[in-house]
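S.K.: Residue numbers (the numbering used here), protein chains in the order written: chain D, 1 to 585; chain A, 586 to 756.
No lab work stands behind these hints, which were simulated from the structure alone.
There may be inaccurate statements among the hints.
[What the hints assert, rightly or not] Simulated pairs of lysine to aspartate or glutamate, DMTMM-like, Cα-Cα distance not exceeding 20 Å:
no., chain 1, residue 1, chain 2, residue 2
1, A, 648, D, 305
2, D, 333, A, 640
3, A, 648, D, 269
4, D, 574, D, 327
5, A, 642, D, 327
6, D, 164, D, 42
7, D, 333, A, 644
8, A, 648, D, 338
9, D, 313, A, 639
10, D, 333, A, 743
11, D, 313, A, 638
12, A, 642, D, 338
[Unchecked claim] Here chain D is said to cover these stretches of chain A; the calculated rule only asks that three of the stretch's residues, wherever they fall, bring their Cβ under 8 Å from a Cβ of chain D:
no., region
13, 603 to 609
14, 639 to 646
Just so you know, these numbers come straight off a predicted model, no measurement behind them.
Every residue, glycine too, gets a C-beta built ideally from N, C-alpha and C.
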Amino acid sequence: MNAQVPLKKQQPATDQEVDHECKASKTGAEIFVESLQNQGVEIIFGYPGGAVLPLYDALYRNPVKHILARHEQGAIHAAEGYARVSGKTGVVIATSGPGATNLVTGITDAMMDSLPLVVFTGQVATTVVGTDAFQEADIVGITQPITKHNYQVKNVQDLPRIIKEAFHIASTGRKGPVVVDIPKNIANAIFDSNAVEEATINLPGYQPTLHPNYLQIKKAVSLLSEAKQPLLLVGAGVLAADASKELTEFVEKYNFPVVNTLLGLGSIDGNHELFLGMAGMHGTFTANMAINNCDVLLNIGSRFDDRLTGNLKKFAPNAKVIHIDIDPAEIGKNVPTEIPIVADAKEALLALLEQTFEVQDLTLWHEYLHECQEEYPLWYDDDGDGTIYPQYAVETIHRLTNGEATIVTDVGQHQMWTAQYYPFKKDHHWVTSGGLGTMGFGFPAAIGAQFAHPDEKVIAIVGDAGFQMTMQELALLKEFKLPVKIFILNNSCLGMVRQWQETFYEERYSSSLVPVQPDFVKLADSYGIKGYKVEKVDDMEAVFKEAIESDEPVLVDCRVKELTLVNPMVAPGKGLSEMIGVKKG
Amino acid sequence: MKRVITVTVINQSGVLNRVTGLLMKRQFNIESITVGHTEQQGVSKMTFIVNVEDEAKIEQLVKQLSKQIDVIKVNDITDKSIVMRELALIKVVAPPNLRAEINSIVDPFRGSIIDMGKNVVTYQIVGNPEKIDAFIELIRPYGIKELTRTGVTAFVRDAQLKPSPQLSILQ
C-alpha cells in the first residue's frame, strides 16, 4: 500500500479508487484470509510449514484466531470437537507432505461421523507438482475416499469460489470434511480482481434434499398409527439438524419409546421416562430388546452401523422400518426399509408433528419395556475392596456436574462406560469418535470443545493408552488458559483389547497390558497444570470435586480396577437379543 | 447380473479417478468403462458395465455415485430400450490366399479393413458387444494376432417401448 501512495500523490484519487487498487493487488494468501472472514470463521487449528508460509504470513496480520497444536492430528481432532459442540464448521490448516498426511486419521474420523470440516493443506508449487518434490504428497489422491469432496487450487482466480464451495459442501446436507489443497505459488500469486464476495457457488451435481416427501410422511404416519410396539431409533442426524426439541415433542405427543445410537446420545434427556438408553453392542438390555421386539422401527438420522445392529439377519426381525436420513445412500444400505424418507431430521420431524394421528394402546408395550428395565438394569460388580470401579467414577462425575457438563471421550472401555453412566441433560454436550473409533481423539477434541463452549465445564474422560497418543496437546491448556478437566481412567492396559482377549481369546493378553507408564501428575506439572492421582475410592469424591470445581485445567490420574469388563455385550456375529453379561454373577 | 450405467459428470481433473475409486471402495467390479465429452461444454459422460449380485447392490451403486459432488446424473439404463455400441480393432493373420474367405466373414458384420500388411489385416468392427463377441469367435480359427476393444458406450432410445422398473425409493 505504501508503495502505491506516492504514485497517487500527483493525481489525487478518491478513496474508492485507492481501495480498489489495494484489493486488486492482493495475493492468494490474502484472498484466503478474506474468504475465511467472509465465512465467519473465528478460529483455526493448525500447524505451519514450508508450503503454507504465505498463508501463515497472511494470518499474522489478521484477527482470525489461530491455535497452534503440537501435532497436526491434535489440530484436526480439536477442530472436530469444536465442530461437534458448536455446530459450526471446523477449520484446519497444515503444510504439504507430512503435515497433510498427519491429518488423514482426523479427516477419516470426520467423514465417518459426518462432522463439518474445511481442511486447508499446503502443496508444493504447481510447477513442481508431480516431481516428488520436497514434502510433496498427493493429498488430493490420498483424501479422495475419505472426504465429502476435495479440491486442488490450480488458478488463484478460482480460490474465492473454491473456498466458498468448500464451506457450503462441508456444512450442508450430510455434513463432512472438505480438503482444499493450495500450492505455494497459488498462495503467492496475485489475484487480479476484487470480486471475492462476488464469487458464486457452481455445483450443479450437489442439491441435498431437505424437505420430506409429503406422501412418504403420510405413509409413515399410517404405519405408526397401526403399530402396537413402535420404537424410535435416534442417531446423530437429529443432533446435526438441531432437532432435539422437535424429537422430544414428537415422542411425548404419542408416548413413543426412544433408543439412541452412541453418537445420538443427548438428543433426548438421558433421564426421560421414554428413553431406554443406548442400543447396540454395549447398549442396555432394554434398548436392544426393544429393537428386537418392535413392530415398527422409526430410524431418524442413524445409519444402522454394525456396532448398533449386531448380526443383520437377526436385526429387528418383526419390524417394518421407516428410515429418515438426509443421505439417500444410507437408506436401504444395511437394513431393508419399508418407507424411505430423504430429509433433514428437523424438517421431517416438523412434518410428522404437523400430522395428528391416533395411535394404538401402547400400555402393554410400555409395561414390557418397564419390566426389562427393572429386571435387567445396567450393572457392575463392586466387591467393596476399596478400589475405584470405573463405572462408579463416571457416575461420580455425572453427579458432580449435574449431568450438564460437556463430556468428551476417547475410544475404548471408558467410552462405553461414559455412554452408559452419564445420562446427558442437553444436546451438543457429547463428543466422541463413533464410526472410526479413533484412539487419541478425546483429549484434543476436548480442547476444541472448550474453545466452542468457553464458559462451560468441559471434561475429557480418557483411557491411559489413548491419552498417551495425543497428550502433547497439554501445552495448549496452559497457553490458552483452557480449564479442561482430564480424567484418566487408568487401568494400565488397553482395556477394550484386553476385554476381547479375555472373552474371545482365552485370556491371552497379547500386547494389551501396559506395565510402564509416565507419572501423569509429574507430566501435568511439567506443563504447569495441576495434577492429582487417586487410587482409593474413599479419596475419589474429594479429589473429583476439587478438580471439577476448579477454574483451572486439571489432570486426574484415576487408578481404576484393572480387570473390569464393559457389560452387557452383544458378541460379534450375534443378534441384539443374544446379549451376554446382562446380570450380575 | 450385468448392468449398464451412464454417469454424467462435470469434466474436471480427477473425476474419472473419483468414480472408479468409489467403485473400488464399495467393491464393485467394472467390466468396461468409456468416457468422452458430451454436447455440453465441460460435461462428460461415462458408460459402465458392472457386474452386481442383486438389485440392492445396484441401487446402492447408483446412490453412492449420485452423492459425488462432480456427478450430475446417474442412470441405470439396462432395462430401458437402448442403443449400445462398442468398437473393436482386430489384427488377423490373413495370407493372400485366405483373404477372400476372411472377407466373406467380415462383410455380414459390416466390418472394414483399416490396415493391411503382407500377411496380416486389421479389421474394425462396430456394434453391440454380442456382435463383436460373435465376430471374434468366427475369426479366431484364422489366428488373431492382436485385439483391442473400446468398451461400451450407450444411449437411451428416443422412443421407449418397454417401461423401466423404478428404484424402490419411488415405489
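S.K.: Give a verdict on every hint.
M.R.: Going down the list of hints, with the structure as the test:
Taking the CA atoms of residue 648 of chain A and residue 305 of chain D, the gap is near 18 Å; set against the 20 Å cutoff, the hint holds. Taken as a hint, the residue 333 of chain D and residue 640 of chain A pair is honoured in the structure, with Cα atoms around 12 Å apart against an allowance of 20 Å. Simply put, residue 648 of chain A and residue 269 of chain D have alpha-carbon atoms about 34 Å apart, too far for the 20 Å limit, and the pair is violated. A threshold of 20 Å between alpha carbons decides the hint, and for residue 574 of chain D with residue 327 of chain D the separation of about 28 Å lies outside it, so the pair is violated.
Restraint check for residue 642 of chain A and residue 327 of chain D: satisfied, since their Cα atoms lie roughly 16 Å apart, inside the 20 Å limit. Simply put, residue 164 of chain D and residue 42 of chain D have alpha-carbon atoms about 16 Å apart, close enough for the 20 Å limit, and the pair holds. Between the alpha carbons of residue 333 of chain D and residue 644 of chain A the distance comes to roughly 9 Å, so the proposed pair stays at or under 20 Å and holds. Proposed proximity of residue 648 of chain A and residue 338 of chain D is supported: the alpha carbons are some 17 Å apart, at most 20 Å.
Using a Cα cut-off of 20 Å, the hinted pair residue 313 of chain D and residue 639 of chain A holds, with the two alpha carbons roughly 17 Å apart. With a C-alpha separation of about 33 Å, the suggested pair residue 333 of chain D and residue 743 of chain A falls outside the 20 Å cut-off, and the hint is violated. At roughly 18 Å between alpha-carbon atoms, residue 313 of chain D and residue 638 of chain A fall within 20 Å of each other, so this suggested pair holds. Taken as a hint, the residue 642 of chain A and residue 338 of chain D pair is honoured in the structure, with Cα atoms around 17 Å apart against an allowance of 20 Å.
With 3 residues carrying a beta carbon less than 8 Å from a beta carbon of chain D, the region 603 to 609 of chain A meets the three-residue requirement, and the given coverage holds. Check result for the region 639 to 646 of chain A against chain D: holds, 3 residues qualifying (beta carbon to beta carbon below 8 Å, three or more required).
Hints 3, 4, 10, counting from the list given before, are not met by this structure.
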